[in-house]
Amino acid sequence: MSTVDRATAAARLRGIPGPGAGRGASERTPDWGRVALQLTASPHIKAPDSTERIMWTVVASLLPVVLAAGWYFGVSAWLVIGTATVGAVGTERLLSGGAAVRDGSAAITGILLGLTLPAGMPLWMALLGGVFGIAFGKLLFGGLGQNVFNPALVGRAFLQAAFPVAITTWPAPRQGFLAQVGDTFALPLMSPAVDVTTTATPLAEMKFEGTTTALNDLVLGSTAGSLGETAGILILLGGAYLALRNYLDWRIPVGILGTVALLSAALNLVDPAFPDPLFMIFSGGLLLGAVYMATDMVTSPVTRAGAWIFAAGIGFLVVLIRVWGGLPEGVMYAILLMNAMVPFIDRATQPRVFGTVRGREGA
Amino acid sequence: MNELIWILISAMVVNNFTLALFLGLCPFLGVSGRVATALRMGAANIFVMVITSLAAWFLNSYVLADAPYLRIISFIVVIASLVQIVEMAIKKLSPALFRELGIFLPLITTNCAILGLAIFQTNRGYGLAEGLFFAVGAGLGVTLALVLMASIRERIELSDVPALARNMGLVLILAGTLSLAFTGFAGLFSS
Amino acid sequence: MRATTPTEDLLRGIWRENPVLIQLLGLCPALAVTNTVANGIAMGLATTFVLMGSSLLVSLLSDYIPKEVRISAYILIIATFVTLVDLILAAVVPDIHKALGAFIALIVVNCMILGRQEAFASRRPVGRALLDAAGTSAGFMIALLLMSGFRELLGNGSLLGVDVMGPGFEPWIIMILPAGGFFMLGFILLALAWWQGRAQPPVKPRRWPNGVTTTTHANAAPRERDKVVA
Amino acid sequence: MFKPPSLVQLPGVRGMAARPGFRHGVHPPDAKELSRARTIRRMPFPAEVVLPLRQHTGKPARPLVKPGDRVERGDKIAAADGFVSVPIHASAAGVVKSIGWWPHADGTMAEAIRIQVARFSAQLPRPRMVPHWEGLTPAQVVAAVQEAGVVGLGGAAFPAHVKLQPPPDCPIEFLLVNGAECEPYLTSDHRVMVEYAERVWFGVRIMMHALGVPRCVVGVEKNKPDAIEALRAAAPTGLDVRVEALTVKYPQGAEKMLIHAVTGREVPSGKLPMHVGTVVQNVGSIAAIAEVFETGMPLVERIVSVTGPAIKDPQNLIVPVGTKLRDVLDYCGGLTEDVAEIVFGGPMMGIAQPDLDAPLIKGTSGVVALTKAQARPRTVHPCIQCARCLDACPVFLNPSKLGRLAQAGRYEEMAKHHLADCMLCGSCSYVCPSSIPLSQMFALAKAAERRRKEQAA
Amino acid sequence: MQPLLILSSAAILGGVGLTFGVLIAAANRKLRVWEDPRIDAVNDMLPGANCGACGFAGCRAFAEATITGQVAPAVCTVMGPDERQDVAAFLGVDAGQANKRVARLLCAGGSDVAVQKATYRGLASCAAAVAVSGGGKGCAWGCVGLADCAVVCDFDAITMNEHDLPVVDPEKCTACNDCVEACPLGLFTLMPMDQHLLVQCRNLLHGEDATDVCAVACNACGRCVQDAAPGLIEMRTNLAVIDYSKIELENAAAIARCPTGAITWLDGMQFAEEPAAPAGSEAR
Amino acid sequence: MSTQPVPGNGPGVAEVQSWRLVTTLAVAGMLAGLLIVLVFQWAHPRILDHQERAVTAAVDVVLSAPERTERYFVVDGQLRAEAPEGSDTLRLERVFLGFDASDAPIGYAVRGGEAGFQDIITVLFGYHPARDEVLGMLVLDNKETPGLGDKIVKDTAFVAAFQGVRAPIQGVKARAGSGAETEVDMITGATISSRAVIDIINHRIEALGPILKRHLETRVAGSGAST
Ligand SMILES: Cc1cc2nc3c(=O)[nH]c(=O)nc-3n(C[C@H](O)[C@H](O)[C@H](O)COP(=O)(O)O)c2cc1C
Ligand SMILES: Cc1cc2nc3c(=O)[nH]c(=O)nc-3n(C[C@H](O)[C@H](O)[C@H](O)COP(=O)(O)O)c2cc1C
Ligand SMILES: Cc1cc2nc3c(=O)[nH]c(=O)nc-3n(C[C@H](O)[C@H](O)[C@H](O)COP(=O)(O)O)c2cc1C
Ligand SMILES: Cc1cc2nc3c(=O)[nH]c(=O)nc-3n(C[C@H](O)[C@H](O)[C@H](O)CO)c2cc1C
Ligand code: SF4
Ligand code: SF4
Ligand code: SF4
Ligand code: SF4
Ligand code: FES
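Residue numbers (the working numbering), protein chains in the order written: chain A, 1 to 363; chain P, 1 to 191; chain F, 1 to 230; chain E, 1 to 457; chain D, 1 to 284; chain V, 1 to 227.
So that you can see chain A by itself, here it is in the shape it has in the complex (with noise of 0.2 Å):
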């Protein structure tokens, strides 16, 4: 208890016509009333990125390659697309609100997702992969720049698992804008119909028939796939911008190409039969994950040293699923797989502090 009653002191504190002026014996003479300064610690200016502008200029980057899934598969691919986002977005939005949905980055999964998916594929699962690879792939992780593995591929994984006849039925390419390419507007819960024109992928073929693909076709996207894995050149020229304005790590679609290019070069060297290296660089979904999904900043390591191993090792896994493994294509899996040994990496390729000798505590 107290002789002074707050609300009097307060008030005579405000009494005084503007904090400072008539304060008798005082000889400060503040002029608090004068200026807000504002008080912040070093540094007290900043780069002008952020992680909304790099997030969204990732989504720009992406959209001619949403584009030419268009003009590859027609509109049901945008609805694909379309649909994988709101799922992303909409649950990034319920469930941590709407600023959380303002960086970007949830718009990227869905895209992203979206992008992985084959043209027919159902809308409700398309809806249900965005929902699970934002809920169990990032959210659940506590959201941004805290999640191990790349949603939109936990996504994708999940589907993959969960629904294999429906994400590995592939429409043929260009059977024209409107074309009805898969049972797109299944009910949901409810099983495809699966009277379709299907081809299979470069990669199936090579697998399961053993021939390739020529380079032409794969080049300029006219095969069978997911929605963005066939246009590859959009894919390298978004990459190459966002690389140049250091937005992604350059070192790791370099140095998952470059692994992969030299593994397929050795083995084709040993047997031809073997497939070589431009069919494996440009079949599947190598380049869509080498460029947009290894480099998801989250989910790869933060050391340079440890972006080599990271990309390395992506690129032995894509290898070595797809030539000896039970599956046609592999990126997915190797991505996962390295995502897990991210936290591995990042521990064992610590930079060697300026004025330390490496392997030694202190100098």
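Hints are computed from structural coordinates only; laboratory data are not their basis. The reader is advised that the hints may include incorrect statements.
Straight-line C-alpha distance at most 25 Å; calculated PhoX-like pairs for lysine-lysine [said to hold, decoys possible]: (1) D/Lys172 with P/Lys91; (2) D/Lys30 with F/Lys67; (3) V/Lys154 with V/Lys173.
Stretch-level coverage of chain F by chain V, calculated; a stretch enters the list once three of its residues show a Cβ under 8 Å from a Cβ in chain V [as the list claims (entries may be wrong)]: (4) 61 to 67; (5) 73 to 85; (6) 89 to 99; (7) 171 to 185.
Virtual Cβ for every residue (Gly too), placed ideally from N, Cα, C.
Use these hints to put chains P, F, E, D and V with the ligands onto chain A, whose structure you have.
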């Protein structure tokens, strides 16, 4: 030799005990909080698995040839007793090593992965060498899963994990995702 | 140890200390054989038999077992019951025996069973030990039913083999894969945490010394003392 | 090119030839054009100067005067308290008003001597003995420098005489003069080099004499070509001195980076420049030392850049130590409407001021006023592991990891990740796209670790 | 029935049991290591808060200390009286006595009565704010109100009131000292509940210099020094300082003439919403 | 933590007598062994019975319910009715020859196993060597992905396709075949498992075909002679 290597790789990644066969999950969830601990647990696991493989081979070849129905009970009793003795020996001979590895030994004894190893080895009719490669592969696989999980959990510890995921829920989702990622190895070298 | 009432002994294992959902013990069977309800039930029954039987024996014999060979002796007892179950199942219901595979044998090392012997049966009279075993088994069974129910429903569209989701249903195959087992248990644990957290008021953020809130530059706004600069 | 033999040969340094830069670092816009071309002017005396007793690293000075005393400009009013301490001199003639609490340039309250400046009495220093440096022993030079109250003017205000007395087990090979001035906006060192090149060389001569070293290198960033030219033109013949043009990069002026840039040597973690055979001194400090031996004047004024987009009339001023921020701002035409923050020092490492009554002290190298647009609050996102901070950190730490640890309050673990090597340069915070206040968290962690160690001791 | 089979089975398992019985028995003889089982038992009974209020490195260390008789169980202030009794009974010792102390704040300058010079933006932590030029509070000694203390308190004893001052709930406070260590300004002190007089200010300014920055600051007017029992309060560096070694001399007269309310008579909670009428306040 | 070596200075810890350890385990072991073997005595015939019935049922399926079957062991490239002395009957490969009501041989039931997608797939199939025709197929054991690879068991169209198909079988993509009588449509989404089944059959036929052909000829000739 190829065959042996295949056994090893298969037990390590393709049919990973933890992530594909659901063996030894309790310690997998319990001791995967720190990388250092996980490594030691993994080492202890490899050690016990090798002992188990040897013991199972010996029992199968010399004691149980005519009484297969006594397998489960003999395996487990022998393993448990052996491990208990080894544990005591380590505790006595090298307290430092005991602190590093020993405390995990009892945890491992009562662990599905160990008995599972003995049973699978028997069912598949592995000989001594095959059994050893199988044990080492399985042990390495368990270690791999443990270390991956531990390094991930160490990282997660520094994240803003939502309150409801603070119990093991998130860890199980993680294990599920890891398990999904490991399906990428399915069918490896089988075609 | 704190004294408990018989009811407590029975109920504890069912919910408050549910072996799978709370203590995370006995996970291997809980995940491995719960892809169909039938398997789940069979595993639950087999485990119940083993747990009840060994609790009974351990409780009876604990005074005669020297501490040094405690674990070996308990394991011996458990393994005997497991072998019996194994043989009986193989003789009576060979299909289920085949579906459960090695996991019958692995009941021996189900951490939950040995845990109950160590923690309870060896220190308590027979009646209480049986009550505890019954409770724990029931808890285990509940968890198995939960897991297998959801997994079979989503993964196969059926329950106990009976089609319930209609003919057009697209099964979520992941649910009967290993990953689905992990996910399903994860979902259940998350749901439990959500349920428990719902009842309590939200805990205040505890971020110091475990953490400094960093969402601030903007966050400082509510604390802005405009009154002093106005 | 001058290559001193390496004392500490670190593997990983690759016996590196000197190169005019260091690895990592950042490139903030240097914004020096605001005041770069303004010649140094002397500011008139304010009505009152406030001289805090703590203006240097080390123990605060002990007051020698009491309220009511008359003091002349240059009189010693507070004495050094120990070796790592320097005296304080009256920066204006007048009457001691009081000795008590007053806002300090570091934002807190501190004890200060306030002098009511006598408007009409002589403000020229009393004629005093000018020590003739060539006749002095190094020890006498050191004593004179301490007595003149000279501290490092590069920012840390470390007593200059301490550096002039390296322990015998650390042989010094050369003097390194820090003319990098890598902080954006600041131009005071720049102007000193352009306008007082002769004085700088004179100071160098004295320092070399005191240290007994045969060589001297002056490091200047390439964005000050006129300074490099002026120094080279005025370079004394017969001395082994050299002006090195350095890459323009922050924090080129940090002594470890500077040494690395000039010699390729790395100062070992936890060690000082003298352990790699050099002493680093700021050009301003060198000029101040020169003044001691030119005019006998102790350190009572310093050259300050008053600049920034929120200052109406940016200037380079000679300011009496203890002048209040308010008076300096008034002299520079005042603040613009959109001022948000006033910083003592540069914008990268400077200290924001809450109070216009705070005095400029010996270590205040600049006053920078920033606008609302620059200091606008930014949303802090979680770390997205973009690794920019790793690429920025000049001492190769992992700020991202350190930041996560700091957020979790795991300070002891941070120490294992070399928190102690962080020099709080702010490069990591500057580049972080998520606007995480990394260096602030590190400062906090360092303070907590220090406290923990003290408690443990 | 095949007697041979039955016999051989029994023999096999009997043999296995025998072999390992022998091995374990041998190992047990040669290799056993002993540790006091009571440590675990006591450790199980302790609250497990590992708060360190007892002065030991965690509960287990405290358990060891109680067993060796170094400390009485009551030194753990977190345990309830029943649990304390349990531990004491288990070890057959006396539970001991502990005087209830609580954390008291040496500042009353909430945002309603104290001036803010500038707006701090940055980490929402007192330590961080204080490191940035003192956090912008007019009084350099006063509480900056960003709740470091409330966050460290493991017992939820501290809540921030609407004027951004921490309020300690004496019921919940265990005097663990965490808040004392956490406050960058050293504003907390642990005080026995049965002492009432407190100068809740640390401002070293004099007169209006002090009251200009905070209406409830101690302005060193000296009235309390005169009114209190001689020698109980002393004016040191512009601050009234109570000599707690003479605290038994305290009475509420000391606060009667304080012009700012800096000196206060505590009974229960500090900054209670409704100030309880203190004994002797009628004397005013 | 205070850890200190005994002997016996811990309060309340008495020295355990070693013989008690030994006897406890030995006696417990013996009792357990007894109990188990008793139950085993009861269960064993039943288990064997189940196994036998399972084999018969499987042969029934792939040979379309033969009237009776004969069992042969494959030894040194020959079919023998009796296993050679001292060999492990469980490890030898067995084939079954089925006869219809008119006692004409229907074909052989042959077992084979190879790696599928996850693990080994074991298949029993009926085969008529003279006509080079597969009579039916049954997957005995597989660990293929439920819902995907296990369609090799559950997909009735796939299973039915093996009745009457000519060996060597060719697996073709669903609806992509030319209608040739050697073609079997593989299961979409389980190509690997389907191919494994086909491969197993082809490989077994490759290995055993000539042997069976010879045996059938001699058997028919022999029985003809005997009739
Ligand atoms: C405790 C201590 C002792 C120091 N001793 C010396 C010294 O003997 N010689 C020297 O050249 N510098 C010495 N320094 C000064 C540092 O090298 C450095 O110049 C000073 O801290 C200011 O550095 P900055 O402006 O880069 O922050 C010392 C610094 C500290 C904190
Ligand atoms: C990040 C950082 C940047 C610095 N930049 C400069 C600078 O630009 N100019 C400078 O003279 N000193 C700078 N310093 C201080 C120097 O490290 C060093 O202390 C100073 O040059 C020593 O000279 P002094 O004692 O005469 O001040 C910087 C220090 C740090 C930590
Ligand atoms: C989780 C998972 C499990 C799979 N299991 C099997 C399987 O059991 N059998 C199989 O043949 N293919 C399996 N696959 C392989 C793919 O479905 C593969 O694409 C398919 O075999 C190729 O067949 P298609 O050419 O008809 O698309 C599995 C794939 C995944 C992702
Ligand atoms: C270059 C780049 C690549 C990205 N790739 C992905 C991706 O593959 N999948 C994804 O979900 N988010 C991606 N993001 C967005 C974001 O980093 C991601 O959602 C985080 O993992 C969420 O914490 C990417 C962002 C950038 C800048
Ligand atoms: S503040 Fe520290 S961690 Fe950040 S860049 Fe500078 S030295 Fe590195
Ligand atoms: S710069 Fe910021 S966001 Fe990027 S890694 Fe460093 S702390 Fe994380
Ligand atoms: S932190 Fe302070 S208020 Fe909380 S219990 Fe400890 S002493 Fe009491
Ligand atoms: S008492 Fe100290 S720690 Fe608590 S809010 Fe005030 S300044 Fe912060
Ligand atoms: S049940 Fe616990 S490890 Fe398998």
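Pair hint D/Lys172 and P/Lys91, alpha-carbon separation not exceeding 25 Å
44 Å, violated
For the pair supplied as a hint, V/Lys154 and V/Lys173, is the alpha-carbon distance within the 25 Å limit?
18 Å, holds
Taking a Cβ-Cβ distance under 8 Å as contact, does the region 171 to 185 of chain F have three or more residues in contact with chain V?
With 4 residues closer than 8 Å to chain V, the region 171 to 185 of chain F meets the three-residue bar; holds.
Do at least three Cβ atoms from the region 61 to 67 of chain F come closer than 8 Å to Cβ atoms of chain V?
holds (count 4)
Verdict on chain V covering the region 73 to 85 of chain F, criterion of 3 CB contacts below 8 Å:
Held - the region 73 to 85 of chain F has 7 residues with a Cβ nearer than 8 Å to chain V, which meets the minimum of three.
Check whether the Cα positions of D/Lys30 and F/Lys67 lie no farther apart than 25 Å.
16 Å, holds
Verdict on chain V covering the region 89 to 99 of chain F, criterion of 3 CB contacts below 8 Å:
holds (count 4)
Against the hints set out earlier in the document, a violation occurs for number 1 only.
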